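**Student:** Sequence:
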Amino acid sequence: MSCAVFKVLFRRRARAVITLVALTASTTVPVHDLRSQSTTHGTTRHVHGVVEDEATGRSIDGAIIVVELPGASASAPTTSRSLRADSKGRFDFRDLPAAVVRIRVRAVGFAQYDERIDLTLADRLIIVHLESAINRLSEVKVRADTLIERLGRVAATTSLDAATLAATRGQTLGETIKNLPGVAVIQFGPSVAKPVIRGLNSQRVLVMNAGLRQEDQQWGTEHAPNIDSFEASGVTVVRGAATVLYGADALGGVVRVDQAPLPDSGGIRGDVAVNTFSNSRQGALSLSAEGGDLVLPFLGRVGYRARVTSRVAGNGGAPDYYLSNTGFRELNGSVAVGMSRPWGTAEVTASRFGTELGILRQAHVGNADDLARAMMSPPDDSAFTYGIGRPSQRVNHTTLRTRLTFSAPHESEFEVVYGLQYNHRREYDNHGPLRFRDVAAFNLKLFSNSLDVRWTHQRVRGVKGTVGVSALAQGNQTLGKAFLIPGFDLWQGAIYAQEELALGRLSLTAGLRGDAISQTTIAYGDQGIRSPAGTRTWNDLSGSAGAAYLLADGLDVAVRVARAWRPPTVNERYAQGVHHGTAQYELGNAALTPERSQGVEATVRYNRPSLQLEAASYANRIAGFMFLRPSAPVQTIRGAFPGYRYAQTDASLRGVELSSTWNPGTRWQFIANGTAVRGMDRRNGGPLFDMPADRLSVTTRLQGRRARLGEWYVGAGTQMVRKQDGVPEGTVYTLPTAGYALLQLEAGSRTLSVLGRQASLSLSVNNALDTRYRDYLSRYRLFVNDAGRDVVARLTMPW
Numbered sequence: 001m002s003c004a005v006f007k008v009l010f011r012r013r014a015r016a017v018i019t020l021v022a023l024t025a026s027t028t029v030p031v032h033d034l035r036s037q038s039t040t041h042g043t044t045r046h047v048h049g050v051v052e053d054e055a056t057g058r059s060i061d062g063a064i065i066v067v068e069l070p071g072a073s074a075s076a077p078t079t080s081r082s083l084r085a086d087s088k089g090r091f092d093f094r095d096l097p098a099a100v101v102r103i104r105v106r107a108v109g110f111a112q113y114d115e116r117i118d119l120t121l122a123d124r125l126i127i128v129h130l131e132s133a134i135n136r137l138s139e140v141k142v143r144a145d146t147l148i149e150r151l152g153r154v155a156a157t158t159s160l161d162a163a164t165l166a167a168t169r170g171q172t173l174g175e176t177i178k179n180l181p182g183v184a185v186i187q188f189g190p191s192v193a194k195p196v197i198r199g200l201n202s203q204r205v206l207v208m209n210a211g212l213r214q215e216d217q218q219w220g221t222e223h224a225p226n227i228d229s230f231e232a233s234g235v236t237v238v239r240g241a242a243t244v245l246y247g248a249d250a251l252g253g254v255v256r257v258d259q260a261p262l263p264d265s266g267g268i269r270g271d272v273a274v275n276t277f278s279n280s281r282q283g284a285l286s287l288s289a290e291g292g293d294l295v296l297p298f299l300g301r302v303g304y305r306a307r308v309t310s311r312v313a314g315n316g317g318a319p320d321y322y323l324s325n326t327g328f329r330e331l332n333g334s335v336a337v338g339m340s341r342p343w344g345t346a347e348v349t350a351s352r353f354g355t356e357l358g359i360l361r362q363a364h365v366g367n368a369d370d371l372a373r374a375m376m377s378p379p380d381d382s383a384f385t386y387g388i389g390r391p392s393q394r395v396n397h398t399t400l401r402t403r404l405t406f407s408a409p410h411e412s413e414f415e416v417v418y419g420l421q422y423n424h425r426r427e428y429d430n431h432g433p434l435r436f437r438d439v440a441a442f443n444l445k446l447f448s449n450s451l452d453v454r455w456t457h458q459r460v461r462g463v464k465g466t467v468g469v470s471a472l473a474q475g476n477q478t479l480g481k482a483f484l485i486p487g488f489d490l491w492q493g494a495i496y497a498q499e500e501l502a503l504g505r506l507s508l509t510a511g512l513r514g515d516a517i518s519q520t521t522i523a524y525g526d527q528g529i530r531s532p533a534g535t536r537t538w539n540d541l542s543g544s545a546g547a548a549y550l551l552a553d554g555l556d557v558a559v560r561v562a563r564a565w566r567p568p569t570v571n572e573r574y575a576q577g578v579h580h581g582t583a584q585y586e587l588g589n590a591a592l593t594p595e596r597s598q599g600v601e602a603t604v605r606y607n608r609p610s611l612q613l614e615a616a617s618y619a620n621r622i623a624g625f626m627f628l629r630p631s632a633p634v635q636t637i638r639g640a641f642p643g644y645r646y647a648q649t650d651a652s653l654r655g656v657e658l659s660s661t662w663n664p665g666t667r668w669q670f671i672a673n674g675t676a677v678r679g680m681d682r683r684n685g686g687p688l689f690d691m692p693a694d695r696l697s698v699t700t701r702l703q704g705r706r707a708r709l710g711e712w713y714v715g716a717g718t719q720m721v722r723k724q725d726g727v728p729e730g731t732v733y734t735l736p737t738a739g740y741a742l743l744q745l746e747a748g749s750r751t752l753s754v755l756g757r758q759a760s761l762s763l764s765v766n767n768a769l770d771t772r773y774r775d776y777l778s779r780y781r782l783f784v785n786d787a788g789r790d791v792v793a794r795l796t797m798p799w
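Position 385 (the sequence shown) corresponds to 385 in this note's numbering; numbering is contiguous.
Honestly, the hints are just simulated from the structure, not real lab data. Predicted, not measured: the structure shown is a model, and the values here were computed from it. There's no promise every hint is true.
Stated by the list, open to error - Estimated spans, in silico, between C-beta atoms of each pair:
1. A768 / Y422: 51 to 57 angstroms
2. D725 / A408: 41 to 47 angstroms
3. Q477 / T666: 57 to 63 angstroms
4. T535 / R269: 48 to 54 angstroms
5. G354 / V656: 16 to 22 angstroms
6. V469 / Y422: 22 to 28 angstroms
7. A162 / H46: 21 to 27 angstroms
8. A471 / L763: 44 to 50 angstroms
9. G300 / P664: 51 to 57 angstroms
10. L763 / P532: 55 to 61 angstroms
11. H46 / A306: 20 to 26 angstroms
Ideal Cβ placement from N, Cα and C applies to all residues, glycine included.
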């Protein structure tokens, strides 16, 4: 479940999950016989163990453990001993009587554990897993997402907290997560980066923004998520099919962007964030204000937040030249109000994202000869400018989100999320009759209404979980002078359930979802355009089952199998024209059938305070895999462009993902992430198009604390990418790209004292050696090199 802002304190009332490992054989003592048990004269026992978070396996620092000892007789009072777990969650009781004792474990933010333990025959090693539960007390704000938490026990997930996000703030969402295991990005110059998870992208990767599905024409590789990165307080990436909880768009994975809860007390406060980027001479400014003392008629006291963000950048630069017409401008704003009451919470958020961005001019040429020359020689036009010419795009995305939660007995909760989204995309030509007119070649308006209702129920016979229904109504208008996709109406409804059973060290998870989707296309009447009116419907089931097992203290393994499916989108069926952002001519295929995926994955995690390791492997077969197959260049009235046609095959994707963090002491930190994926065409043989190259990132960081510098750090790292030689044969558009290694440098302080306030200041250098390279997933790799050296400064100061 997701909880908005509460006056609450996390406290766990539900029964905690505990695993008892006897050091020798033991017997079970009935509860009603507790007082009748006598201690073994002259014998003492030893109880030790560790307290961990059931959801993550991390140790819980500062948990309170109380042991209640029986009296000498039935009428004698009990006595108790208590201690606090250390920083690694460990505790140790010695000289206990050889009797049945009662152990209670409690920690702020966790459910209390209460159990009787038999010490008559043996010492005990105890591994306590505390669960989540919520009590309403006072003056603390809580937001959690048990959907992600429950899925994360058996699926491969990675989370970035606010401190980590601060190091990449001001960049795109794709740039923020591109160094995570299993993740890459499709890049379109400096302003557009789209996430790729396990070799899958676009309509197979769902972006959730503060609990709402992001509906911004995500079908299209150059359509990056329209999200203000300054609003994010955390990002979680689920790798692998998550369709049971999130629908067909999550066949490859989910990127969940969370926002900080609204305050429920205190006066007005906020922060100022300033970023500068040397490569494109970009400046970014974000201002926020929030408080918990606003009083509204009929509603009483509510919390509120407002933010406005502006970014301006000129042409990005490769090591030897500028990328012409790749500047952008961005202006975003949002406002939210919310309240917490005994019955639950309510929150309303309105936001608007607006950007204008140029499209690389070198990729738009007049004829086939010009296209060949552009791919063989460096660009002539390489001056720096903030001006944005043709071709260009203007995108506005407006969202109204309402979230309600209702508390039910026994810690159950209902959640209702309604979203209204309007996305307006206009693309402007630099060739043909519209070159000198302020008329969009493509003018697309996408309207989306979505509703999600979830019930998170309490544990029943050891089973807890979430049951929900969702609905989506969507309409697209095609109003431009040129054609790419037809107008359409989309209706989608679903019902799903995700349940979990905890059995000591073993956790079992299973889910099932049914979707019904109807897609109605609107005829386009111009000559030469094959886009008839018609309605297609699809119905199918998604399902998954998994198990996680705690092998030892901090070490667990998980395995999951999943079945998922995805129907073709309108652009895959009926695209016909030049896609400006990709600079390619696309032709749809009306005969496409839904993709159906069957996959298995295994994950091993080792999680201790000084060392965290995770290794995941997966194998995924997709029948009817849809992709763009390169074809001969197409000459249009607007120029010559590489040709691509939508096709289908049966695909196999396999891969491994490794991540590690080592803290050998309080000052040093070493981080390493590695990813390898192989995509094969099982029907025709050979590799699939657009598979990420193998990559490894390594970072070393020295950190400490000084009175004036606060929590300072300096670091260096490298991203190494192998040559991508696993590409299909027979087309110039998939030329292999050479391997490369980039040097990254960083320094900063998270709590620097500035004007009496604790500010965050950082300086980083990306591609510090100004290395020339072209990534295989760069859509402009045929024409220009990727970005050169970029010195980035970031300052965030509260007020």
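**Student:** Hint by hint, say whether it matches the structure.
**Tutor:** Against the structure, the hints come out as follows:
1. Take A768 and Y422: their Cβ atoms lie about 42 angstroms apart, and the range 51 to 57 angstroms is violated.
2. Taking the beta carbon of each, D725 and A408 are about 57 angstroms apart, not inside 41 to 47 angstroms as hinted.
3. Range check, Q477 to T666: Cβ separation about 58 angstroms, and the 57 to 63 angstroms hint holds.
4. Separation of T535 from R269 is about 52 angstroms and conforms to the stated range, judged on CB atoms against 48 to 54 angstroms.
5. Taking the beta carbon of each, G354 and V656 are about 41 angstroms apart, not inside 16 to 22 angstroms as hinted.
6. Checking the proposed 22 to 28 angstroms range against V469 and Y422 shows it holds: the Cβ atoms sit about 24 angstroms from each other.
7. The hint said 21 to 27 angstroms for the Cβ distance between A162 and H46, and at roughly 41 angstroms that hint is violated.
8. Range check, A471 to L763: about 48 angstroms between beta-carbon atoms, so the 44 to 50 angstroms window is met.
9. Evaluation of the 51 to 57 angstroms hint for G300 and P664 yields a pass: the beta carbon distance comes to about 52 angstroms.
10. With their beta carbons about 57 angstroms apart, L763 and P532 fall inside the hinted range of 55 to 61 angstroms.
11. The given range of 20 to 26 angstroms is broken by H46 and A306, whose C-beta atoms sit roughly 57 angstroms from each other.
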